[in-house]
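Since the structure of chain L is already known, use the hints to place chain W on it.
Each chain is listed here by its residues.
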Amino acid sequence: MHFLAPMLLLGLIAAVLPWIIHRIGRRRARPVRFAAMELLLRAEREVSARRRLRDVALLVARTALAAALPLAFARPFTEVRSDLPAVTTHSQSAVIVLDDSASMRRRLHGDETPFDVAKARARDIVEHLSPDSEVALVLASEGSAAPVAELSGDRARVSAALTAVGGSARRADFAAALRRASQILTGSTRGDRLIYVISDLQATGWEDVTPAVLAAGPEVVVLDASGGEPWTNHAVVGLGAEPAPEEGARGIAVVAEIANYSAEPLRGLGITLRLDGTEVARGFVDVPAAGRARKRFVHTVSGVAHQAEVEIDHDGFMLDDRRACRVEASRGLRVLLVDGDPRTVRTEDEVFFLEAALRAGGSNFSVTTILPDDLANRDLASYGAIFLANVARPNATTAAAITRYVENGGGLFISVGDRVDADTWNQTMKTVLPQPLGLKRSASALPGTRPEGETVDLRPAERLAPIDRRHPLLAAFPARGEGLASARFFQFLLLAPVPEAPGRRIVLRYENGAPALVDGEVGRGRVLLLTTSVDREWTDLPIRPGFLPLVQEAARYLAAAPSGDATATITVGAKREIVLGADDKRIEIVKPSGDSRSLTPAAHAGEQRARHVVLFEETDEPGLYRVRAARADGTVDERPDAAFAVTLDASESDPTRLADDKRPDRANARGAGGPPPRRRLELWHALGAAAIVLVLFESLLTLRFRRGRVKV
Amino acid sequence: MTAPKSLALDPMDIARLGSMSVRARVIVEGAFAGMHQNPHAGSSIEFSEHKEYAPGDDIRRIDWKAVGRVDRYYIKRFEDETEMRTFLLVDSSASMGYGRKGVTKLAYASYLAAALAYMLAQQGDPAGLMLFDEKTRQFLPPRTRAGHIRDLLVALEAAYAAGRTEPARALAEIGEIADRRSLIVLFADLLDAPADLADRLRQVRSRGNDVVLFHVLDPDEVELPFDEVTDFEGVEPEDARRLLVDPRDLAASFARESAALRERWRTTCVEARVEYRFVTTAEPPAEVLRAFLFARQRARK
Numbered sequence: 001m002h003f004l005a006p007m008l009l010l011g012l013i014a015a016v017l018p019w020i021i022h023r024i025g026r027r028r029a030r031p032v033r034f035a036a037m038e039l040l041l042r043a044e045r046e047v048s049a050r051r052r053l054r055d056v057a058l059l060v061a062r063t064a065l066a067a068a069l070p071l072a073f074a075r076p077f078t079e080v081r082s083d084l085p086a087v088t089t090h091s092q093s094a095v096i097v098l099d100d101s102a103s104m105r106r107r108l109h110g111d112e113t114p115f116d117v118a119k120a121r122a123r124d125i126v127e128h129l130s131p132d133s134e135v136a137l138v139l140a141s142e143g144s145a146a147p148v149a150e151l152s153g154d155r156a157r158v159s160a161a162l163t164a165v166g167g168s169a170r171r172a173d174f175a176a177a178l179r180r181a182s183q184i185l186t187g188s189t190r191g192d193r194l195i196y197v198i199s200d201l202q203a204t205g206w207e208d209v210t211p212a213v214l215a216a217g218p219e220v221v222v223l224d225a226s227g228g229e230p231w232t233n234h235a236v237v238g239l240g241a242e243p244a245p246e247e248g249a250r251g252i253a254v255v256a257e258i259a260n261y262s263a264e265p266l267r268g269l270g271i272t273l274r275l276d277g278t279e280v281a282r283g284f285v286d287v288p289a290a291g292r293a294r295k296r297f298v299h300t301v302s303g304v305a306h307q308a309e310v311e312i313d314h315d316g317f318m319l320d321d322r323r324a325c326r327v328e329a330s331r332g333l334r335v336l337l338v339d340g341d342p343r344t345v346r347t348e349d350e351v352f353f354l355e356a357a358l359r360a361g362g363s364n365f366s367v368t369t370i371l372p373d374d375l376a377n378r379d380l381a382s383y384g385a386i387f388l389a390n391v392a393r394p395n396a397t398t399a400a401a402i403t404r405y406v407e408n409g410g411g412l413f414i415s416v417g418d419r420v421d422a423d424t425w426n427q428t429m430k431t432v433l434p435q436p437l438g439l440k441r442s443a444s445a446l447p448g449t450r451p452e453g454e455t456v457d458l459r460p461a462e463r464l465a466p467i468d469r470r471h472p473l474l475a476a477f478p479a480r481g482e483g484l485a486s487a488r489f490f491q492f493l494l495l496a497p498v499p500e501a502p503g504r505r506i507v508l509r510y511e512n513g514a515p516a517l518v519d520g521e522v523g524r525g526r527v528l529l530l531t532t533s534v535d536r537e538w539t540d541l542p543i544r545p546g547f548l549p550l551v552q553e554a555a556r557y558l559a560a561a562p563s564g565d566a567t568a569t570i571t572v573g574a575k576r577e578i579v580l581g582a583d584d585k586r587i588e589i590v591k592p593s594g595d596s597r598s599l600t601p602a603a604h605a606g607e608q609r610a611r612h613v614v615l616f617e618e619t620d621e622p623g624l625y626r627v628r629a630a631r632a633d634g635t636v637d638e639r640p641d642a643a644f645a646v647t648l649d650a651s652e653s654d655p656t657r658l659a660d661d662k663r664p665d666r667a668n669a670r671g672a673g674g675p676p677p678r679r680r681l682e683l684w685h686a687l688g689a690a691a692i693v694l695v696l697f698e699s700l701l702t703l704r705f706r707r708g709r710v711k712v
Numbered sequence: 001m002t003a004p005k006s007l008a009l010d011p012m013d014i015a016r017l018g019s020m021s022v023r024a025r026v027i028v029e030g031a032f033a034g035m036h037q038n039p040h041a042g043s044s045i046e047f048s049e050h051k052e053y054a055p056g057d058d059i060r061r062i063d064w065k066a067v068g069r070v071d072r073y074y075i076k077r078f079e080d081e082t083e084m085r086t087f088l089l090v091d092s093s094a095s096m097g098y099g100r101k102g103v104t105k106l107a108y109a110s111y112l113a114a115a116l117a118y119m120l121a122q123q124g125d126p127a128g129l130m131l132f133d134e135k136t137r138q139f140l141p142p143r144t145r146a147g148h149i150r151d152l153l154v155a156l157e158a159a160y161a162a163g164r165t166e167p168a169r170a171l172a173e174i175g176e177i178a179d180r181r182s183l184i185v186l187f188a189d190l191l192d193a194p195a196d197l198a199d200r201l202r203q204v205r206s207r208g209n210d211v212v213l214f215h216v217l218d219p220d221e222v223e224l225p226f227d228e229v230t231d232f233e234g235v236e237p238e239d240a241r242r243l244l245v246d247p248r249d250l251a252a253s254f255a256r257e258s259a260a261l262r263e264r265w266r267t268t269c270v271e272a273r274v275e276y277r278f279v280t281t282a283e284p285p286a287e288v289l290r291a292f293l294f295a296r297q298r299a300r301k
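Sequences listed follow chains L and W, in order. So the first sequence is numbered by the working numbering: it starts at 1 and just counts up by one. So the second sequence is numbered by the working numbering: it starts at 1 and just counts up by one.
One or more of the hints may lead you astray.
To be verified - Short, incomplete list of chain L residues facing chain W, as computed with Cβ under 7 Å: (1) P31; (2) A35; (3) E44; (4) E46.
Hints listed in this document are in silico derivations from the structure and should not be mistaken for laboratory results. Because the structure is a prediction, the values reported are computed rather than measured. Where a beta carbon is used, it is the ideal one built from N, C-alpha and C, also for glycine.
Just chain L, with the same shape it has in the complex (with noise of 0.2 Å):
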């Protein structure tokens, strides 16, 4: 124990105080010959326990308080060896990489967790610092941002601002966190220059950590916040609905992964599933060790859209033990084909296979078909889509009919052909067209290599480029683009050149660079283009394999009616864009822990989309967002539609340690040089508080004394 003002201690000379007054007293005692001595020391009997109790208790309380006033004047402390590297005495630039990702919420013991305990390291550091040190906060979730961005010299604003920061359900990023603690000591000249890395070192979110990553960089020390002991875990990893067609119409089936990431198998692991916050199913899955098992519940909805979430019986990681997702029963879409080149062969007619596509089993569309003239006695607003194939001159009145249900938020498919008048539609139709039409041009090149089983034609054709999976209508497709790669294109219409337009893309490209498939923004509607047709006139399309879908995401994604939960479920941290509908005025968002935020459109947007979405991006927490729309007249209305799932990275999920050999400080013997700190323990504290803790006692003391006198 030491001092800081050791010749205060002298007053521990007071502690002999209460003894000598005590002995004073005994010796100032009057002598009395007493002839009752018998009866005195009768009644000395009787008490003599509790008073000496009492009269041992009141001196060594008193004793006791005389000497823990100068103990604590003297401000006594004691150093303990601290754990952490010599070097953090150095005078030098620090900048902490707290890892504030998922897999630190998990338990330990008790309830303290891996982020609990690197906080107190990083609170050790920050004191153990040298007083002329400067150090930095940085947190090492993706996306996050940094709670103290330049190197300070002010302990107690990092101190406060490491109280504050709170875990993230985020997956790690030390390769981002890193260059951002590199790009803040750029700054600083001093010879020392550090990053402290405090993590549970579980091995996801160091992949993009290269040893070219570290070169460039300054020293990186790395402390273990794990708490040593392996870490087993059972996991969520994935959650989805499809169709359930053998419980009819409204059957949907959800289907949960779940993985075992220990190496002893999981027996009769209980998982329930809860629709819409109630449960509705509890079974019970085996998973095999380091293996995973699906789950699939089915169940019949009566609604559209419904929110499932499965949960697994809990262990020391809570977060990756439930998974939601949004669940949407097929809403029966109403599509319109307009049939611009109807033939009396069935399979030659333009649509055939058009209507083929979107009847097939299970889509759950209801197809009108009809000729061009039908489409001014029709009310548009009905449909979901309309599909406008190899229309040949739509007049102005179908023109204007079309161009007012696209702006009102339709959907609106057009394919060409040989019947299609081009000059006619750019004049019409110029409102809704992405992109003017241009001339006809046939395929110059042989096809390529032929694969095996498809049907041979020699003339000339296009193939499609690799297709881009960014957009929502190839998102299930594969990387590859399977189905549609294989397509051949003899004719097609070129498109006349145009600036870029926000809202306009392209989804498909011939090989020649040339645009097979166009999707441009009108109003809140939304208009996709093939620049061929839908029949087998100029394309063989119509019999890939990637038609039937091509043609199914293209009404859901006209129609605004994904067709399950792909683009209801984001990951955490990740943005959310939600479309308000036509009378919706406001948006708000409640977050699964109850909390709302309301969001409203910007109004000074210059873009007409703009003026009707909304940007969500508060995503930090796992869980079900539901979503209400305030509506012009004022009422509030759920909108399930728009309702969103977050969850958790699944890789956070898994416990694997990162290997010892890509710990950055391996070939770093630096941090184990010299003797580790001692921290400084004040004690002056304790002994304040034990004195009044004993004035406290001693008062009692003496006022039960003298009641018990009083009583006499």
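Leaving out everything else, chain W in the frame of chain L:
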């Protein structure tokens, strides 16, 4: 029944009086001043009973009027012929010497004994005195001769407190001497009295003696009024007991023990048909004497 204040002097006032004879007289007069009837008035010359004459009887006491009426010889007997010998036993052990603020217990017991002796002498009743500790220190047998009362009062005045106490032994010794009609009055503090005192009281009482026990205590021995740390030590020889204590801690317990002691002796006396009278040295002796006499007068009626 309370006496006039001027006559019921308190013990300290009594102590300031010149001699034991004066003290005795003042106490007796103070006691009688508050009574409605003076028991002294002719008590010994009042007719008591007739007895048929027998050879040897004093012929001067033949009731001639009765001879005239019934033609038989009767002897008149008077109260004085029912004289009662009284033994005053005063404990003079060291414990009786305690008296912190007032008179000592021995002095107080001496005042009461002197007053009783004086009063008995006035009645012509013989009174004896025994001063004792563990042994008989002085014994004056009951007599009616002139000068006896003076010897007795001198002995009481000269009494001093010393030695251990053995009241049982003193009582046994008096029991051997006293005849059936004796009155035995014991003054003692009974703080260290042995258990056989109770047996001795019963024994003496069973022989037809009238026994009165004056249990004399100092007020300090009833409640413990000390208010600072005190080093208590025993007073009797060979009593090496000491106790350094804050008396305030013991006051309640001490008062209970003292009350228990008194209750124990009171019960013992009731069982032995011995008159028990508890007094403290703070009480005016005249009041105590008057209460005693009044109680006996009422008992006789």
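Legend entry - Index of numbered hints that the structure contradicts, given in increasing order: none
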